[in-house]
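For reference, the chains in residue letters:
There are 2 protein chains.
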Amino acid sequence: MQTIQSDNYPIFFENSIDELIAFIERGKYSRFFVLTDEHTSVHCLPKLTDKLNTLGNYDLIEINAGEESKNIDFCIGVWKMLIDFEADRKSLLVNLGGGVITDMGGFTASTYKRGIDFVHMPTTLLSQVDASVGGKTGIDVDGIKNIIGTFTQPKAVFIDTAFLDTLPPRQILSGLAEMLKHGLILDAAYWNELKQSDLTKPSTALVHRSVVLKNKVVMEDPTEKNIRKSLNFGHTIGHAIETWALNDKPDSLTHGEAIAIGMICESYLAHKKTGLKAEELEEITATFNRLYPRFGFSRDIYEELYSIMLKDKKNMDGKVNCTLLSAIGKFNIDNICTKEELFEAFDYYLAG
Amino acid sequence: MQTIQSDNYPIFFENSIDELIAFIERGKYSRFFVLTDEHTSVHCLPKLTDKLNTLGNYDLIEINAGEESKNIDFCIGVWKMLIDFEADRKSLLVNLGGGVITDMGGFTASTYKRGIDFVHMPTTLLSQVDASVGGKTGIDVDGIKNIIGTFTQPKAVFIDTAFLDTLPPRQILSGLAEMLKHGLILDAAYWNELKQSDLTKPSTALVHRSVVLKNKVVMEDPTEKNIRKSLNFGHTIGHAIETWALNDKPDSLTHGEAIAIGMICESYLAHKKTGLKAEELEEITATFNRLYPRFGFSRDIYEELYSIMLKDKKNMDGKVNCTLLSAIGKFNIDNICTKEELFEAFDYYLAG
Ligand SMILES: NC(=O)c1ccc[n+]([C@@H]2O[C@H](COP(=O)([O-])OP(=O)(O)OC[C@H]3O[C@@H](n4cnc5c(N)ncnc54)[C@H](O)[C@@H]3O)[C@@H](O)[C@H]2O)c1
Ligand SMILES: NC(=O)c1ccc[n+]([C@@H]2O[C@H](COP(=O)([O-])OP(=O)(O)OC[C@H]3O[C@@H](n4cnc5c(N)ncnc54)[C@H](O)[C@@H]3O)[C@@H](O)[C@H]2O)c1
Ligand SMILES: [Zn+2]
Ligand SMILES: [Zn+2]
Chain A
1 MQTIQSDNYP IFFENSIDEL IAFIERGKYS RFFVLTDEHT SVHCLPKLTD
51 KLNTLGNYDL IEINAGEESK NIDFCIGVWK MLIDFEADRK SLLVNLGGGV
101 ITDMGGFTAS TYKRGIDFVH MPTTLLSQVD ASVGGKTGID VDGIKNIIGT
151 FTQPKAVFID TAFLDTLPPR QILSGLAEML KHGLILDAAY WNELKQSDLT
201 KPSTALVHRS VVLKNKVVME DPTEKNIRKS LNFGHTIGHA IETWALNDKP
251 DSLTHGEAIA IGMICESYLA HKKTGLKAEE LEEITATFNR LYPRFGFSRD
301 IYEELYSIML KDKKNMDGKV NCTLLSAIGK FNIDNICTKE ELFEAFDYYL
351 AG
Chain B
1 MQTIQSDNYP IFFENSIDEL IAFIERGKYS RFFVLTDEHT SVHCLPKLTD
51 KLNTLGNYDL IEINAGEESK NIDFCIGVWK MLIDFEADRK SLLVNLGGGV
101 ITDMGGFTAS TYKRGIDFVH MPTTLLSQVD ASVGGKTGID VDGIKNIIGT
151 FTQPKAVFID TAFLDTLPPR QILSGLAEML KHGLILDAAY WNELKQSDLT
201 KPSTALVHRS VVLKNKVVME DPTEKNIRKS LNFGHTIGHA IETWALNDKP
251 DSLTHGEAIA IGMICESYLA HKKTGLKAEE LEEITATFNR LYPRFGFSRD
301 IYEELYSIML KDKKNMDGKV NCTLLSAIGK FNIDNICTKE ELFEAFDYYL
351 AG
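If you read the sequences in order, they're chains A and B. Taken in order, the first sequence gives residues 1 to 352; the numbers are from full-length UniProt numbering. Taken in order, the second sequence gives residues 1 to 352; the numbers are from full-length UniProt numbering.
Only chain A is shown next, with the shape it has when bound in the complex:
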């Protein structure tokens, strides 16, 4: 599988562990740090340890697993460890984990001493096809996802789908939602291929194809002025549901499960507003309902979801902005949706 060239950095798909080791050696870093969570230090780190040890001069930083770690307190904890370890400007941070580790490791590194180098070795499907590509770093504050962060590119990304072997099925499904999204917004053929594939463990070829799609979009529009907004499909509503679930009952929804719901709701809006055909809406709804568990919420939370949406960074001037589809494989950005439309879309999901 070919290395993908992103905005001044490579995304490796073959011999990724060796590529990482070679990268660190070439970089002449004064030292490096490996950031893991309690799961990736058990399931992923051992696959690297022997080779890392040949390099010497590194330290491990481990945080708790899960979205609850992606906040300023853990971030301060990592900063303080870097201070204690006397990490200088020529240090490197290696983020070994899912999107929580790559997002918050990226933010921590991009602000430590006004920015040290970092690389990602993403170990969840979601982080491989999405979080590790595109230069968005971030943490949550007050339960608002990614409200604080920077746009900073990693120096390289090392993808090894063998890490997915230990990933729980629910986490596979979480990443899969983004892959399906890439098909829906950009590539109908890819969407069709995905629907027919064995999705319990997506092949490296499918992962590669998603990264090519996402990378193309972020390269054209790094700071999300226009076409990058295509990636927000499913996310205006999905993020709100995810945020609500995070506050109400942590771990009840993964990111992908939330945006699968978001994509059903926003496909409904697309059908209403931007010309998505009824058959396409049905096909999308049926596919997500086949793959993803149903999530129950009641009408009582509609207002709360709406007020969460208003706080979302994608939305301005007190208006809710959605990326919709005009057909499978074709997106349509900057659609203002009214409260009534959004509530109708929730109804559509709940009725399904």
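Since the hints were made in silico from the structure, they are not lab data. Keep in mind that a hint or two might mislead.
Copies of the same chain are indistinguishable here, so a pair counts whether it falls within one copy or spans any two.
Stated by the list, open to error - Here are the simulated DSS-like pairs of lysine-lysine, each with C-alpha atoms no more than 25 Å apart in a straight line:
no.	residue 1	residue 2
1	LYS155	LYS225
2	LYS339	LYS90
3	LYS249	LYS319
4	LYS80	LYS319
These figures come from a predicted structure and were not determined experimentally.
Starting from the known structure of chain A, arrange chain B with the ligands on it as the hints suggest.
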């Protein structure tokens, strides 16, 4: 006084309040926020209020005065206020204050929703000639100055030396140290002119000249790979003394007072190592001793100062790196100084 063009942003010196108002109007911001501290909201804000009120749609955020506010807790406080005010990506932050406000306001804005626009209206001499120019933002963690931050340029800087009328004399002296530094590293004629001027209230022309000098350096080397390091003259030792004083007895030293000490010490090192003449060392020492109060510290803290220096971002690989002078008006970067040399330099200051 001519507007200075920096890295994609203007630095105004005339009609600065009107220029700010015009800038906000042109920018079509969804809303804006003015960040002040308890002193600038009394001494500076009233000079703007009438004009700001013609614009509408803004809120004030006030923090405590002083370096103790330049930390992550206050930063979180500002983020949360922006969240509560539902600041979106098209919001603007106006930093009205000294270097504490411009540094931490810049950091807060550069990370809120991955970056919103900000402008500086610096109200101390130090922030006018130094902190507001060059795109460094930052906060202190664990008493280590500016350890966390970003390189992000403001959209504009509005300098009005009339704000200096209410500034305590000690704060004037603090900024003056940076102006004297600009002369020492880059412009012997400017140094001589400064020595002969009335320094109780530096003229707009002198302030302008300092900004031209600093701006030239940061434009050539925005991320401090080489010539920007010239600005570190006096700061390797000065920062250590400032950090020590901050931990030990807050408010006992201003930034400028600390780096004035640093410049005496580092001029001594320059005489020892990089060819600064004995007469020049004497001239520098006498000038600072005439203008600045002596600061007493004992040999007992030398080791502590040294270990603070090792944690400084300017230093790598466990070595202390100083920018020195080869003559008045000529700098020399990347001089490794040993512990013994540094201790000798402290001795030189204390003996003076
Ligand atoms: N930056 C971006 O552009 C972007 C894009 C999408 C999502 N995200 C962010 O990514 C985060 C979600 O990412 P995620 O789903 O990877 O979450 P995660 O990092 O929390 O990983 C999910 C779980 O899998 C565990 N895990 C990771 N790798 C494993 C492995 N190989 N074997 C066994 N267990 C493993 C983790 O410990 C965790 O418990 C969210 O915070 C989201 O906001 C960011
Ligand atoms: N970013 C950079 O490149 C850079 C460069 C130099 C210094 N700095 C930072 O700047 C900070 C020091 O700046 P500072 O000396 O301006 O500190 P400051 O912001 O704390 O201001 C000093 C004092 O003056 C008060 N004040 C401000 N304007 C006033 C006015 N017009 N009238 C009366 N009182 C007023 C403030 O409330 C404060 O009490 C340090 O944190 C330093 O690290 C940054
Ligand atoms: Zn997503
Ligand atoms: Zn300084």
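(request) Sort out which numbered hints this structure fails and list those numbers smallest first. (result) The structure breaks only hint 3.
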